[in-house]
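Colleague: Construct the entire structure; sequences and hints are all you get.
Take 6 as the starting number for the sequence shown in my numbering and just add one per residue.
One should not assume that every hint holds.
Label-pair distances were calculated between CB atoms; the ranges are [stated by the list, open to error]:
#1 R47 x E223: 17 to 25 Å
#2 R47 x R188: 28 to 36 Å
#3 S43 x T101: 23 to 31 Å
To be clear, the hints were calculated from the coordinates, so they are not data collected in a lab.
Values in this document were obtained by computation on a predicted structure and should not be read as measured data.
Built from N, CA and C at the ideal position, the CB exists for glycine as well.
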Amino acid sequence: MRASCLLLLALAGPCLADECDELPKPSVTVKRLDEKISYNTRYSYRALNNLGAALAQPGRQVLGLTRGNATASFLSKTPAYVDRSGRWECASPQITLTFGFTPVTIYVAREFPQGSCAYKEILDHEMRHLKTYQEHMVNIEKSLAETLAARFMSDKPWRAPAGQSAAQLQKELDERWLPYVQREIAKVDAAQALIDTAEEYERVANACDGEVKKRLLEATGAKKPPSK
Numbered sequence: 006m007r008a009s010c011l012l013l014l015a016l017a018g019p020c021l022a023d024e025c026d027e028l029p030k031p032s033v034t035v036k037r038l039d040e041k042i043s044y045n046t047r048y049s050y051r052a053l054n055n056l057g058a059a060l061a062q063p064g065r066q067v068l069g070l071t072r073g074n075a076t077a078s079f080l081s082k083t084p085a086y087v088d089r090s091g092r093w094e095c096a097s098p099q100i101t102l103t104f105g106f107t108p109v110t111i112y113v114a115r116e117f118p119q120g121s122c123a124y125k126e127i128l129d130h131e132m133r134h135l136k137t138y139q140e141h142m143v144n145i146e147k148s149l150a151e152t153l154a155a156r157f158m159s160d161k162p163w164r165a166p167a168g169q170s171a172a173q174l175q176k177e178l179d180e181r182w183l184p185y186v187q188r189e190i191a192k193v194d195a196a197q198a199l200i201d202t203a204e205e206y207e208r209v210a211n212a213c214d215g216e217v218k219k220r221l222l223e224a225t226g227a228k229k230p231p232s233k
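Modeller: What follows is the structure, encoded as structure tokens:
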């Protein structure tokens, strides 16, 4: 009887291995979202100060603002084969990460009408912020793909107790990898801060022969200092 059991196991082993080999290899796909960009000139500078309160520097008025919605999500599929005993399975994770900033809205305070020199200066400043968002997303795309591939891609399917592979994969994506991607996206904040220097604020305020500062004074109701 023992010899018969050994013979049955020997015959069954290659068959099970063949079933697992028919699964697709694990894969990772990374998709960067195209930014949906809109422009808004309906808000006053006071409203923009409220919208950008977390980023505004003390004593500085927010004349323009670039806001992007950071998003990251994983879609996973786990084709699997369960052995005849029903006790274990081999599975092949197929993972897609979608990430980016979208939509993006660029605000210029309504006190600076389109076509004016002041509007152009403020818009040019905000476009630098937009470019920084875009460049950061491109720069991290490769590293995200390489890091995820190192973890999930292999030449052979995964093995686990039957019915557990998909749940284990989703748990790891939610608890480890989604926060990781979000941290990588958030690193753009440091680059954005380098744009909003005191020197840049001063340059914009005095641009267009003082038009920016003049329009802001008119909007606040402050009197222009008498010329000497």
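Colleague: The structure should be examined with respect to each hint, and the outcome stated for every one.
Modeller: So, going through the hints one by one against the coordinates:
At about 19 Å, the CB distance of R47 to E223 agrees with the hint of 17 to 25 Å. Under the hint 28 to 36 Å, the C-beta atoms of R47 and R188, about 34 Å apart, fit the expected range. Between S43 and T101 the beta carbons are some 27 Å apart, a value that agrees with the proposed interval 23 to 31 Å.
Of the numbered hints stated above, none is contradicted by the structure.
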